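Asker: For reference, the chains in residue letters:
There are 2 protein chains.
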Amino acid sequence: MTKEEKRFQEKIKSIQDTMFVIGGKWKIPIILSVYSGNKRFNEISNSIPKITNRVLSKELKHLEENLLITRNVIEDYPVRIEYAVTDYGLGLEEIAKPLESWGKKHKKKIIGK
Amino acid sequence: MTKEEKRFQEKIKSIQDTMFVIGGKWKIPIILSVYSGNKRFNEISNSIPKITNRVLSKELKHLEENLLITRNVIEDYPVRIEYAVTDYGLGLEEIAKPLESWGKKHKKKIIGK
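Order-wise, the sequence lines are chains A and B. Just so we're aligned: the first sequence equals residues 1 to 113 in full-length UniProt numbering. Just so we're aligned: the second sequence equals residues 1 to 113 in full-length UniProt numbering.
If you are wondering where the hints come from, they were derived from the structure by calculation, not from laboratory data.
A pair holds if it fits inside one copy or across any two, identical chains being indistinguishable in the list.
Capping the alpha-carbon separation at 27 angstroms, the derived lysine-lysine pairs in DSS-like fashion look like this:
no., residue 1, residue 2
1, K97, K109
2, K58, K39
3, K6, K39
4, K39, K97
5, K108, K97
6, K104, K6
7, K13, K3
Only a predicted model underlies this, so the values are computations on that prediction, with no experimental measurement involved.
The task is simple: from the sequences and hints, build the whole structure.
Answerer: This is the structure in structure tokens:
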């Protein structure tokens, strides 16, 4: 394998790693929802059209395992669960912005084609 | 729905649109492969570890439908099929770069956790 091919495969591996962690329809929207102040499960669920509770639970667990959000038990009566974006999760801003702007441009392109 | 909620839902819709078009494990790697000079099906296939021909065919069709690559029939003996990234497809650079750099950082973070 040439140096160039090795470099190329490292590049696509990094991109595939990112897609594994934050890819799909729901992960970044969930992080953005928590980031915009929706701390409780139902608040997050209500803010994202068409997400089911089963999917939201699964994705929250995945995001927690990947250190992007924290699940906090608030000692109250009754006990409350609140989610928060980690400092590390805030770093996703550098991805969310270009994804958003590209999506807008693509919509115009595809509608205008 | 408040203005803020509407703005938020537009934002996540744009991100979901982008993920629909370029999400998953293979689409950006395929575009990068074609962009780096792999024009023929087998060249692209050989450059991306673990991709199957069935998946590559499906993804190439999807990328063509979304105006990101072109499929060109070269009148030769025998006829050849060559792929190329469209100018529009080149615009994905603004997404591929942050995805690559985030993936590198995440690997260090997860290994170091």
